[in-house]
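Residue strings, one per chain:
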Amino acid sequence: MRADNPASHAAFAKAAEYIDRKPLVSNRRSLSWITDHVCRIVEQPAPLWWWIATVCFGAVAALTPAMLTYLVATGVGVWGLNVPVCWAWDITNFVFWIGIGHAGTLISAILFLTRQKWRTSINRSAEAMTIFAVICAGIFPAFHVGRIWFAWFLFPIPNANAIWQNFRSPLLWDVFAVSTYFTVSLIFWYLGLIPDLASLRDRATTRLRQMIYGILAMGWRGSNRQWTHYEKAYLILAGISTPLVLSVHSVVSFDFATSIVPGWHTTIFPPYFVAGAIFGGFAMVLTLLIPFRELYGLHDLVTDKHIDNMCKITLLTGSLVGYAYSMEFFIAWYSGNPYEIYAFMNRAFGPYWWAYWAMITCNVIAPQLFWFKYCRQNPWVVLALVMFPNTGMWFERFVIIVTSIHRDFLPSSWGYFSPTWVDITLFIGTIGLFVFLFLLFVRFLPMITIFEVKNVTPEADPHHHGEHDSQGHASHPAPAKAHA
Amino acid sequence: MKRVLQHPPAPAHGRTYWRSLGEYAKTPDFEEWLHREFPAGAAEWEQDPLSRRNFLRLMGASLALAGLGLGGCRRPEAHLVPFTQSPEWLISGKTMSFATAQPRRRGAVPLLATTFDGRPIKMEGNPLHPFSEGKSDNHAQASILDLYDPARRRHLTFQGKKADTSQLEAEIKRVRAEASASSGATLAVLADETCSPTRERLRAELLRQFPQATWAVYEPLAPGYDAEASTAAFGPGTQFRANLANASTILAADCDFLGSEDGDLADTRNFAAGRRIRKPGDKVNRLYVAEPRFSITGSMADHRLRLRAGEVGAFLLELGRQIRSLRGNAELNAALSSAPDLPLPHGVDAAWIRECAADLVTNAGRSVVLVGRRQPASVQALALAINSALGAIGNTLVVQPAFSAPAASIRDLAARLQAGAIKSLIILGGNPIYNAPTDLSFENLLASVPSSLHLSAQPNATSAKSSWFVPGTHYLEAWGDALSGDGSYVSIQPTIQPLWAGESQLEFLCRLTGQAKPIGPALIKETFAARTNQSGQKLEDAWNNLVREGFVPASSTSAAKSVNGAAVAALAAKIGDTAEASAGALEGVFVSSPAMDDGRYLNNGWLQEWPDPMTKLTWDNAILLSSTTAKALGLRNEIVKGILVADVVRATLAGQTVEAPVVIAPGHVDFAVSLPLGYGQDELGPVAKGSGFNAYRLRRTDADYLAPGLKLEKTGRTRQLAVTQEHQVMEGRDLVREAAVAEFNEDPGWVKKVGMDAHIPPNQSFYKSPKLDGEYQWAMVIDLSTCTGCNACVTACTAENNIPIVGKDQVMKGREMHWIRVDRYYTGEPEEPEAVAQPVACMQCENAPCETVCPVNATVHNEEGLNVMAYNRCIGTRYCANNCPYKVRRFNFFDYNQRALDKLYWGPVAPKGTEETIKLQKNPNVTVRMRGVMEKCTFCVQRIEEAKISARVKARDSANIRIPAGSLKTACQQACPADAIVFGDLKNEKEQVGQLRNLPQNYSLLEYLNVRPRLTYLGRVRNPNPAMPGARTSYLPSHGHGESHGSENGRGKTEGGH
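Chains V and P, in that order, are what the protein sequence lines are.
If you want my numbering, it's the position in the first sequence, counting the first as 1, plus 95.
If you want my numbering, it's the position in the second sequence, counting the first as 1, plus 35.
Next up, chain V with everything else stripped away, as it sits in the complex (with noise of 0.2 Å):
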């Protein structure tokens, strides 16, 4: 079948190059490159930087509770908050964090379901990154409320007034559905750990090491029960979580879909949330790799295939949502409501004009440069570019959530809002925490999910022969190892 001509094969393998798969795990590493390489992150001591970028962050994050502690101990007026605008910066963050904290579950439960096996580099941290931006989504709906020390009403705990819950209201179904993706995101992702947690248990060198892994272990051997075990739960988990990705943020997008506001009364709402909670998150799990990866050399782990990947679903689910921006003006003309043919010619041409098309920019036009496949290769343009979505789906709520309401039915009540600093601290000390929060997972779990990787490794495969990749071909230009 293969020719014995030098020329001939050389050209064949130079097509090959264009039509085969990039490998998963470049320059053929090792197994046990894989571990090493990994847990050295957190075995090794912590390099400079990252003690500088932990306490820099660390401050930062503090602010978080300062501005809370003032807050709760002031009134929610030190918001900028008024009337007509009684949602703000509080609930445009949270939705922010939630939509970001969409990526983790879509990559781990969505892709590992669809058999894509190029999540398994990216899976660990994007989770690890829900976790913490749905801790920070949290902190908003939390406080913003008047009276936080009745949060409690929110939870069905029968009590001796029985009083419930009203059922009919989307913040509550808000409240169950952030806290159940919160559980089972937290639950995911630990089981995905307990496998690495015992690699590092067993590489630990000192005793207290070896007692922390130890106990996050669980007792983990790595038999054939406890991986048959494994690998039904993770299924198990996955498929519970799939539908969470596409509930939680059309239960958030219901806030506003089951209001009379108009520019909130849409139907499009739950799709285009998530289609914009995915892209956001995307462009957050880039933001975060690219220099991660850099930072502690895992470029044979996460590619350049990764991060095309992953720019591809970008520049997808940014068009989605700006279909969806044009599809809201095309209904609120073809509605023939004036209030909400007002709602939209505010949004773009009202006070608030330029955060409308902030928004544009950054969530319909800048994305659009991901067509090009240098834009796409480049990890130093990917990570300008997924700057734009970062900010562009900040400003997208913004610009729901206050132009909406800052001008709705009665003239006489329109109102104007601007932050306060206290708004914009507490939303930077977010960011604090949340930066903090992952540069301490990275120190001291192990960022990259090892044994996954290694399944999607060429050795991983039973028809492994060396030179040839899991679809048989010859692809490596690697130095042929003699068969066995």
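All clues stand as given, with none of them false.
Residues from chain P that face chain V, not an exhaustive set, calculated with beta carbons under 10 Å:
id: 1; residue: Val675
id: 2; residue: His762
id: 3; residue: Glu766
id: 4; residue: Arg768
id: 5; residue: Val857
id: 6; residue: Gln873
id: 7; residue: Thr912
id: 8; residue: Pro920
id: 9; residue: Arg924
id: 10; residue: Gly967
id: 11; residue: Leu1041
It is worth saying that the hints were derived from the structure and are not from the lab.
Just so you know, these numbers come straight off a predicted model, no measurement behind them.
All residues carry an ideal CB built from backbone N, CA and C; glycine is no exception.
Following the hints, position chain P against chain V.
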């Protein structure tokens, strides 16, 4: 000063009892023990004049005075203690009402003071009095807060230091001795106007004792030009007022009779009565307004002419000429022939005046021309001549005896002070240092008097400059009397022992005349006896009746039907020509500010936060001008982030300068500016501090109303102003619906054919509506035809429902807490706008969007159709407010009731708690909300529940437990002087509300949302004169209903079938 319980002195002839040998011996030790008997309590008295103990004392005191002497005469004892045994009739926790009245410069407003356990908490109009019929206004409503103002000073002071009563006693003696020596030439009294017959009596007594003494009266907003005109026309001792009860055509020339012009209560009610339209063919009055600034009267006008205040004379001359040609009389002829022949004011359409005159003449006998009382006497005299030609005198314009005898003016007083003749000056009320004309330099004059004394309920600038300050009483603290606008005699009944141990003007005058301080109502009773010419039991009965009902109807009104033509002509001859105003020499007009009047209410938080009915400005005043004037002067207003940023100008008039922000007021006449008085008195208290500018600084004796030659220069600085409504137009939305009378007569159901209502398919609901099967079904209807937008409802609601004020900074942020607001929109051409007002409170939607979104069920529906708030359950997600299409929900962003307004952002660092006195005002039946809680209009649910309980109690064992129709009123409804708000039970056919809701002109705001509000509106009907040039006779969309509305809402094509 240590306050010692004063035991009643033992009667001189009785046996003397002693408690111990120590007392008997009067040893110092015993005295000490007596005073130290309750050392803890005594210490408390020293530090906190309103501790629990002291409060109980006051409470008991007021109950005692409420209880005895029928209907609340004060118990004659000089010491007051709590009840040890409760009177049988007293039900703790039940409110009681006492008839009283708020003195005003043009007649007191008859009121009922609602007291709760001895503390007055709410003012209502006296329903028995024909002048108010139970109605009130913003000042009457807010005056209760003045009673509890913590800035009121508690002590007598002499040269700024606390003084003793005995020192004052000595001073009075000294003044009297000094006056006796000069037969009064050294004594002068400068008083405000209270219309009190007792004060007139004491004044006469004082002048009898000291015939040379000066008695001057100064009211900055009542310079007495109307009295001058009245004296000329009807003879001395007369005054006139409008009687709009039967007026069908009204021309108001620079007369804001629905707003700041005094006596508005009856005028508003009568005007509204003539405005009410229920079915086609109902007669509706017609209002012409010619005015400089857009007033609420102008907003009710069917035809409004922008006219400078200085042109009113020329305008009336032309009107007079037109009327003469149609229906002249001798008096008008005389006045017109003696008056100078002024040309028609520039830019005024002669046809407008012609048609207006024709209309007035057609309705002669039922028409009236009203002129602002601060217009020159000559102009007012001409107006009286016109009115006599129209047959208005005795019909729509009534003449009555003057309330008080003529007194010296502040100019006369100043001249005497200048001459150095006066050695002692007694100032009763008022604040001349602040508001006297600048050319008098009253401050220097006051400083030159050896002894000056100021008696005032509130310490102000004058108090600080007088050698003596005597804390006065609020009208709810002392006995008094007054004449109300219609001349009826009203009693002013105290409802609480003076909080700060003040003394009333009458008590002080009594002492000044050498009598002992009167006990209880003795002084008033004396006046009453003299007025009624009764004695013995008859007098007692009449007195009890007076105290119970609050008034004795006016005994006589002057029967004058004609004017003295010659005298009027002589006065009219003085009508002056007004120079043309230009951008360089503007015509300034000193107007009263709707909230602050002449400045007396400036430390009243409710009124500070009460939005000006037209500009919606709070916490500030500003120079008002038209957009043309602003453009010519390069001045700008901008809404920046919800805040009105106004250019600050330097206003110069005859060498005097003030700096003030300008507000561009639509409908203002060009090249004239309005200078609202009353602000800029930082010394009044913490609330007043920093609000507005003092326009009095420009005011001179010769320019106390009109100030031609005013210059405005841009300073380049701006000032942030707090407005409660930033957007002034309806954006083509069908919110306030208007039609002309003819359109209404043609189709009474016109409201349903306006805007989206014409197109919406029948509403369907996704949710099951809550069961509305309660015993009662509450609803409210607001008649937009009669609502003048006066905002009295806002203050009434504030008082009733313990609504906090939030301060200027918070209003600028859009956090005002008013449960009812009056939306004001401008319509029509930007140059000649019309204005409409729409009160908006919680609509109590049957299908309430706020209820579905509250996650914790804190806002739910009750079976009587009320949307109720459970404050205890509310966690403050604010979702309900977002989903409220009417934006009537209010959120407590801070602990407004617990923290000082300037320390809201300090959080727990700020001292917690509110002034004790402010707490006394709170309505105990309404929760005082804490921070983090949403609140909104409840339809005064506390009144509903109270009425239900009363009905049940009254019913006893019978089955008739329903609240009688019309007996239950919400606070806004009760206050509304125009009777525009109707509330009641839909299930009771006798209630007006159900009938109004079924009228074809009834509509719901934002009907298409299907929220099914329980608060609905009756479309506004205007009565334009079709003959008027440029009259807008059609208010409905010009196209027929069958035509496409496509351009309006894009639905034209799909709606072709209907």
